[in-house]
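Here numbering that gives the first Met the number 0 is used: the first residue of the sequence shown is 0, the next is one more, and so on.
Simulated from the structure, these hints should not be mistaken for lab results. In this text, a Cβ means the ideal position worked out from N, Cα and C, and glycines have one as well.
Pairwise CB distance ranges (calculated):
hint, residue 1, residue 2, range
1, P231, D192, 19 to 25 Å
2, G550, S273, 28 to 34 Å
3, D303, P697, 40 to 46 Å
4, Q428, H519, 23 to 29 Å
5, G670, R33, 24 to 30 Å
No more than 16 Å apart at the CA atoms, straight line, and that leaves these computed lysine to aspartate or glutamate pairs for EDC-like:
hint, residue 1, residue 2
6, K201, D230
7, K590, E644
8, K272, D190
9, K586, D671
10, K255, E225
11, K590, D671
12, K249, E264
13, K650, E665
14, K710, E560
15, K586, E604
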Amino acid sequence: MTPATTTSEGAPGRHAADSHDLIRVRGARENNLRDVSIDLPKRRLTVFTGVSGSGKSSLVFSTIAAESQRMINETYSAFVQGFMPNLPRPDVDVLDGLTTAIIVDQERMGANSRSTVGTATDVNAKLRILFSRLGQPHIGSSQAFAFNIPSVSGAGAITIEGASGKKTERREFSQIGGMCPRCEGMGSVTDFDLTALFDASKSLNEGALTIPGYTMDGWYGRIFRECGYFDPDKPIGQFTKRELDDLLRKEPTRIKVEGINVTYEGLIPRIQKSFLSKDREAMQPHIRAFVDRAITFTTCPDCDGTRLNEGARSSKIAGISIADACAMQINDLASWVRGLDEPGGTSHGKDGSAIPWGTVAPLLTSLGETLDSFVDIGLGYLSLDRPAGTLSGGEAQRTKMVRHLGSSLTDVTYVFDEPTIGLHPHDVQRMNELLLQLRDKGNTVLVVEHKPEAIVIADHVVDLGPGAGTQGGTVCFEGTVDALRRSDTLTGRHLDDRARLKDTVRTATGAIEIRGASTHNLQGVDVDVPLGVLVVVTGVAGSGKSSLIHGSVARREGVVEIDQTAIRGSRRSNPATYTGLLEPIRKAFAKANGVKPALFSANSEGACPTCNGAGVIYTDLAMMTGVTTTCEVCEGRRFQAAVLEYTLGGKNIADVLAMSVTQAEEFFGAGDARTPAAHAILDRLADVGLGYLSLGQPLTTLSGGERQRLKLATHMGDKGGVYVLDEPTSGLHLADVEQLLALLDRLVDSGKSVIVIEHHQAVMAHADWIIDLGPGAGHDGGRLVFEGTPAALVADRSTLTGQHLATYVGA
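Work out the full structure, taking the sequences as your base and the hints as a guide.
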């Protein structure tokens, strides 16, 4: 085992020592892990703690969970593996005792725009079965209520091979689905701005098409040139009505191009299939920009946005259609389902015979339990028709959790990434109960967490550190929570930290007036948001915090919104390029060596010619999953060998990009490498708690909290303005919260107004002014329940936030 402060008192003595009851890790070296060896008890709840960048995710996700998934994938045939991600073996000597790992992370759900909360769980399927049994009038099987299945009928030929040879038969077929034919189950119809699709003054050969990826040099261009439906040298503005219709709307038609059979399809149906089948947030930035300017979405007039055809909407249970049920708030739907389970109730089947409701009692019980799980986990304010792609990271993780709570699987390893993110203190206890419920079903539960309320329920704690990046990667402690408290680790020393209310608060210098705010569930909220102070907006998840601030404040002039959404850019983007840090670094290298700055960019003249500066080579294996390998020429360093001969302060450009922010801050602060412009940016990165990040780390690998703090660092040099931050404590260790509070103070003292949407009580206690929304979530929220100082909120104690804050500060 790596050096640790574990004592016999802290060892997991109450767990069986049998190797069958342990997950054994030996010599883990993924990312910054330093030969970590550890035994984890199975069928227990283990929480992994440590500062951001200490190696928690590297051990739990990149080593244990990754190897479990890789080994499961290898049990499938090569054909099936071709449709799965290619997972490399983690850098570890031994991994023993693994069980099937299910990762419940904060990745956004629903790259498919048809995905909803109902379809992403089993709830929609159960509702469809319920309506197919009890709905009146009876319209068919459960497929008749599915908005992803169209209604089609017809005839086709099938070939049957038997002992006497082959025989062809014609058979009638029908498929009765619930899809609205007008919007094809999307809930909205699209209107295209043709001026965004093409330049009418040009011909196709002159580059008239302005759709991303539709160039005349590619395959699409060859199809358009040789389809024969129009002259590619004729300006589109001179097309006849028939020619324009063929260009824009022609249904898929088989044609020959250069002797090859291909399918020709009009621009609009092709765009709908290739671009609009994805959730907007899953689109690449240039595609999203094109869709935003070219397409207008309006609610489907036929189905009123329900996605369902008239037949599916007409069948009802107790006066409620499946569309009505899916539009209900889940806590209301749970109550409705419980009301159906009445003795003696009957419905009628398609043959008119009575169906006792008792025959669907097991289904009603299962459906009710799943809906109650949504409520218990703090998601009762959602509706089943909510598009999955619109859920926040925390909401997505909890929705995935609901799916697993009803699973029949046992002896599974569940892996959670900060499941309390986005949860009000009132909801954290319910999340804890659900984690324990998963454990009590006989599963191993591994949780990466920072909040003390979630750490204290652990059977076993593993603390990594002692620092971040190269200063971390070792096991500093493992044992019980009580032993952690007595240990001298950073987590142990801060586990029982409690912020106190400030003696004095700042005086506002002005206010942003909000009147009649009614976005989403807001119920005509009137409130003045003070300026020149630290304002914290609180309330349970779904109470309307984000709707109020993002809907009524963030879009105003002078307001800078700093959230956790993905940073737009390619895999080549990193903290150095995003913050502008690379520019002064390149100039410093160029000046020191008497050469051009472009040589020190992996995206320009200095790039390795073999991998074009990517550091990796991607090999396309056709139907098999592509393989990414480190470039053998530059060994992943991205630069030409000649460029790496140039140095600054004894380091080449690849060495510098491999440095952490803290190391680079020292490097560019003194000596031959002193570069004030670079040092100033590095200071800001360190101020926001990102000292452990390497300058060349791809932005795609950053967590939501890290992305938000990186954005904050880029704006810290701005003068004046109003900053809006959304849960900046996400991913922060207990010891780093104080640093964040000090940073927020510096921002306010420098003349900025800071508005923070937050659940962390330490941030609430440190605020100058609190705006509390509630009292509940969804239609039970959306009202202003308190505004004033933290001290007044604690003294008032009339809201859930006030009660929890009072307990936190010991008032």
